[in-house]
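Numbering-wise (the working numbering), the sequence shown opens with residue 1 and increments by one.
Worth double-checking, as some hints may not be accurate.
Capping the alpha-carbon separation at 20 Å, the derived lysine to aspartate or glutamate pairs in EDC-like fashion look like this [as the list claims (entries may be wrong)]: (1) K31 - E43; (2) K31 - E104; (3) K31 - D100; (4) K98 - E88; (5) K31 - E103.
Beta-carbon label-pair distances, calculated as ranges [unchecked claim]: (6) P112 - P63: 38 to 48 Å; (7) F27 - R70: 21 to 31 Å; (8) R111 - A66: 29 to 39 Å; (9) P112 - K31: 46 to 56 Å; (10) G110 - E43: 35 to 45 Å; (11) A9 - A34: 36 to 46 Å; (12) N102 - S56: 16 to 26 Å; (13) P30 - P112: 45 to 55 Å.
FYI, nobody ran anything at the bench for these hints, they're computed from the structure. Cβ atoms here follow ideal geometry from the backbone N, Cα and C, with glycine treated the same way.
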Amino acid sequence: MTGQPTDLAALQRRLVEFAAARDWEPFHTPKNLAAALSVEASELLEIFQWLTPGQSSAVMADPGSAHRVRDEVADVLAYLLQFCAALEIDVLAALAAKIDRNEERFPRPGRPGDPPAG
1 MTGQPTDLAA LQRRLVEFAA ARDWEPFHTP KNLAAALSVE ASELLEIFQW LTPGQSSAVM
61 ADPGSAHRVR DEVADVLAYL LQFCAALEID VLAALAAKID RNEERFPRPG RPGDPPAG
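Assemble the whole structure, with the sequences as input and the hints as a guide.
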């Protein structure tokens, strides 16, 4: 543990400050960040590419593959947070709104004993 804050907003600020300290802002355009996000997501997928469903479910049992998965997940999240910072998107508000829309689009199916809808 680094002793650094781990809330999402603090991590997002750290990423922005990290890039600023290295003068990377000119390269952190929405297009470049979206491309980098796609590349990192593909690197995560590559770990699972030829695994069976059972092997993919057990990937975290192997320390080497677990480390790779955690690193790629971190890279995906880092680029997503930087992308959101560049476009001033509140990632948690965007996610909450999307869940709300999905709950309307895909209502929970009735279960035996549930009262009829309406």
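**Prompt:** Out of the numbered hints, which ones does the structure contradict?
**Reply:** 2, 3, 5 and 11
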